[in-house]
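Could you slot chain B onto chain A? The hints should help.
In order, the protein sequence lines correspond to chains A and B. Start counting the first sequence at 1; every next residue gets the next number (the numbering used here). Start counting the second sequence at 1001; every next residue gets the next number (the numbering used here).
Errors might be hidden in some of the hints.
Derived lysine-lysine pairs resembling PhoX-like cross-links, with alpha carbons at most 20 angstroms apart [claimed, not checked]:
(1) A/Lys111 with A/Lys593
(2) A/Lys294 with B/Lys1003
(3) A/Lys272 with A/Lys294
(4) A/Lys278 with B/Lys1003
(5) A/Lys294 with A/Lys278
(6) A/Lys18 with A/Lys294
(7) B/Lys1090 with B/Lys1050
(8) A/Lys436 with A/Lys380
(9) A/Lys344 with A/Lys195
(10) A/Lys195 with A/Lys496
(11) B/Lys1316 with B/Lys1275
(12) A/Lys279 with A/Lys294
(13) A/Lys18 with B/Lys1003
(14) B/Lys1094 with B/Lys1050
(15) B/Lys1004 with A/Lys278
(16) B/Lys1004 with A/Lys294
(17) B/Lys1295 with B/Lys1316
(18) B/Lys1004 with A/Lys18
Label pairs and their computed distance ranges (CB to CB) [claimed, not checked]:
(19) A/Ala40 with B/Glu1042: 19 to 29 angstroms
(20) A/Thr582 with B/Gly1348: 53 to 63 angstroms
(21) A/Phe151 with B/Asp1225: 45 to 55 angstroms
No lab work stands behind these hints: they were computed from the structure. Note that beta-carbon positions come from the ideal geometry of N, C-alpha and C, so glycine has one too.
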Amino acid sequence: MKNTLKILSFFRNVVFLKWSSQIVFLVGLLYIIWSYIQNAVVNLEQTNIAFSWGWLGETPGVSIAEGMYTLPNSGRQMLQVGMLNMLRVTVTGIFAATFLGTFLGIARLSKNYIVEKTSTGLLEVVRNVPLLVQIFFFQAFVLTFPRLEVFDVGTYNFHVSAKGIAFPWLNRQPTAYLFWVYLLAILILANRIYKWRVLILEREGRETRPFLWSIGIFIGLLIAGWYGGYRVMGVIGLLAGYISTGVDLLPAIFYQVLFSSIAVFIGFRSTKKFIDSKKSEEAQGIYSDDDYFKIILNVIVVLLVVVLMFSSVGLGLSNFLVGDEIVFKADWGVPQFFDGVNNKLYWNPEAKIVLDAQLDGMKRADIINWIAVPGTEVTKGDVVAIATAKDLKGDLNQEISIYAKYTGVIEEVFVSNGDTVKVDEKTYDIRVTDSKPLELSRPRVEQIGTTSFKKYAVGYGKSLSVGYFAIWLGVVLYTAIFISEVVRAGIMAVSKGQSEAGLSLGLGRGALLRLVVLPQAIRVMLPPMGNQYLNLAKNTSLGIAVAYPEIVAVGQTLYNQEGQTLPVFLIWMAFYSTVSLTISTIINYYNRKMKIVER
Amino acid sequence: MNKKAIVSLLVLSMVLVACGDTTDEAVVEEVVEEAALTTLEEVQARGFLKCGVSTGATGFTEVGDDGSYSGFDVDYCYAVAAAVLGDYSKVEFKQLTAAERFTALSAGEIDVLIRNTTWTQSRDTELGNDFGPTTYFDGQQLMGRVSDGLSSSSTLADIDGLKVCTNAGTTTEKNITEGAGLVGATIELVTVEAFSEAIDKFIAGECDIVTTDGSGLVGRRAVNDALNDWAIFPQSPISKEPLGPTYRSNDSQWADIINWTVYATVIADEYGVTKANIDSVDYDANPELGRLFGKNDGELQTKMGLSADAYYNVVKQVGNYDEIFSRNLNPLGLYREGGANARWTEGGLVYAPPAR
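If we strip away everything but chain A, and leave its shape as in the complex, we get (with noise of 0.2 angstroms):
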């Protein structure tokens, strides 16, 4: 046999194929996606249908039951609304089920034989029953109840009509978002003082009672905060002023630069730390042809990130974040979130007060005497001004009653007598302090204007519209039924051994459940819960059937109306996959603090 070195041919060596292979791949996998864009570009151009943004700053004429904006001036903000909609029964939604679950699921394990058969009951049929089907039962049961009209005007404890449902609930103030940023606060306090004083007993092993410290805490700030100490977190309502103006002179181009610069940061520093992990002693410097795979894909990565940013969708996205108002009509962008910030966080936030009387035609009203004096305590309804209603052409002659929105103390009245005020507005300024940031109040039913029609009053209460209702219950309940049995299992996953263990060692029932169960049926219960929650975010597109203006069924009327299917839908996509991964990351992020951390 002859000792010659034999060269392979280039198409025999290992590493040409495995590279070749993958990038053929690659290749072909590119060429697929792009022919389909073709072919949908070019199907589009001869079935005469447009694909076009331009309708997102159009106005789209209709106008929407219920949300933020009932008439919309531009597709933008009719999308808007739409997932302000979704995400109200979407949030709301999350915790209702998760609580309701979690209580449907521990009295299903309940000893008390009652409690147990009526809980698998209604497990049973809620769980068979098709959610659309539900949601319909909801809508036709309000529909059952008389029409709101044959009821009295005036205040109910609680009340059922064709109309919807009315009960009592804590309205918000104008000072309601400083209340809830300081209740986080304290909360987290509260949180960190337990820790703290937990650490203090296992170090020094003294009894230093970290749960009634924590309580204390929580308990005095709040009464401390609720009589107005709260506003002191008015100082980020300050700072976010500052930050808005700031911000407002900054360029598209700066968003631009901001994230290609990320992008390049990002890239480099994973670059780097895959470099150094390679120089450490287990791998010793080799290179496999994977990892070159991988730091030429990491490069290739960044410089589509930053060709993407100076295209035109980078230049979109910048625009859209620089709050543009002639692209996209918008009243969004960074400048005006921290502007929109500084609004409701100001420590001492302008109140409105409310032209409640209302008379057939009239458009402005001429002040004739203001009753509420700066200094004096005025409560929701009280009269503060008396004035002249007039109409368009100015005869209407009539006095009428103005009334206070809201309950507090007047410390500036920016209107006075003798001044006109247009009723289109509704609303005019003064500042109220020492209102307490939420008030109960009940539901009222009342008459509309001057026909024989009444509605429930906005601001006393809290109503559902039939739609809300209907598809709010619907889903709630379905997901809470799911979410049961996932609690459910979570417990009985925990091996009996553990509970005998506990109570062995003198631990109450209370204490085994709340030390010892459920720490370990929470780790078992994450994953199945976030799946749950992603199951109810997309249950609440079947609000349309329901009449509820939720993403879905805005966007149907934004796309017949407008021509446009395949940007709504897209919007839908990208939309829903951002809520849902939203969710996804906050289980995941969970899900990672419960792992069993292994020594």
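Okay, now just chain B, sitting in the frame of chain A:
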């Protein structure tokens, strides 16, 4: 060759391939054009017509207990089938909501949409569809209860602050929003998928007012026996709603066929030719009818791609405009006389070009 050289060569080749993709466009386009059949050829090959109708519009599309269809729009579907296929019963109906009707047409799920659809500028130009002649001249009105203080002399200003129900994705939505805005009224607009849901909400009391085309309101009122309980206002409608058939753009042959089916029924009505007396028409005294019904040489129809007796079949099997109208809409209380739907010789707008 060492690894690094191989790698860099491969990356370079990948980049070059990605840049050279421009030749594929032409290939794709060619293939698409070759395969397209005209709508007429498709329908004739298939053997039946796919017609888009409403999910339920009293007088226009109604489904009986045995699953049979009847109504003004349904009759025009039958008429097109009679013209194209010679047999009026060769129709497959597809019930569509207001939200999905245009997408169904553009996607090719139906051949023609006869679904009390309003002809508007935006729909004509932006959706890739074209409209046929108006078969019913309608207008948008509102309906409320007499017991709530509304009457036929109420106006838009009376609905300030009220809850109004209507269909989603219709001209109705836009008109009521605009109309209310002009008179300074604010309304809560609840939109539903099918109009029957809106009527259910109105009956239950969730909505104070319903609004849609006047013909729809009259129909629903008749069906619910509420002639004295529900008032339709304002007297003169708040908008023009010309209803007619819709078909895809860029298919002139199919467009002509649909258009002339409608005109044929109108011309027959002008001459007083009905299902009953069509066989006793004197074609020498009325040469236009001879040309229309293909009795003399039948050229007009065959040049369009139809059989010579296409329009004879339409009138014989379905009827003329007056028969279609009175059969479906008179029982609801809608009459031709004195309105826009009367003959042009009697002050109405129903007029057809001559068959010559």
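Point to revise | Pair hint A/Lys279 and A/Lys294, alpha-carbon separation not exceeding 20 angstroms | key: Given pair A/Lys279, A/Lys294 holds - Cα atoms ~16 angstroms apart, limit 20 angstroms.
Check your understanding: Under the criterion that the straight-line Cα-Cα distance not exceed 20 angstroms, is the pair A/Lys272, A/Lys294 satisfied?
Key -> Judged against 20 angstroms, a Cα distance of about 12 angstroms means the pair holds.
**Study point:** B/Lys1004 paired with A/Lys18 [C-alpha distance capped at 20 angstroms]
**Key:** 14 angstroms, holds
Practice item. Take the C-alpha atoms of B/Lys1094 and B/Lys1050, compute the straight-line distance between them, and say whether it is at most 20 angstroms. Key: Holds. B/Lys1094 to B/Lys1050 sits at ~7 angstroms (cutoff 20 angstroms).
Point to revise | Given pair status - A/Lys278, B/Lys1004, alpha carbons within 20 angstroms | key: Within the cut-off at roughly 18 angstroms; holds.
Review point. For the pair supplied as a hint, A/Lys18 and A/Lys294, is the alpha-carbon distance within the 20 angstroms limit?
Key: Holds. A/Lys18 to A/Lys294 sits at ~14 angstroms (cutoff 20 angstroms).
Practice item. Would you check the hint for A/Lys344 and A/Lys195, treating anything up to 20 angstroms between C-alpha atoms as holding? Key: Since the Cα atoms of A/Lys344 and A/Lys195 sit roughly 32 angstroms apart, the hinted pair is violated (cutoff 20 angstroms).
Review point. Within a Cα-Cα threshold of 20 angstroms, do B/Lys1004 and A/Lys294 meet the stated pairing?
Key: The hint holds at about 14 angstroms.
Point to revise | Holds or violated: A/Lys294 to B/Lys1003, with C-alpha atoms at most 20 angstroms apart | key: 15 angstroms, holds
Point to revise | Distance restraint hint 53 to 63 angstroms, applied to the beta-carbon atoms of A/Thr582 and B/Gly1348 | key: 60 angstroms, holds
Practice item. Verify the proposed pairing of B/Lys1090 with B/Lys1050, using a straight-line Cα cut of 20 angstroms. Key: Given that 20 angstroms is the threshold and the Cα spacing comes to 9 angstroms, the pair holds.
Review point. If you draw a straight line from the CA of A/Lys278 to the CA of B/Lys1003, is it 20 angstroms or shorter?
Key: Since the Cα atoms of A/Lys278 and B/Lys1003 sit roughly 18 angstroms apart, the hinted pair holds (cutoff 20 angstroms).
Going down the numbered hints, you'll see the structure goes against 1, 9, 10 and 21, while the others check out.
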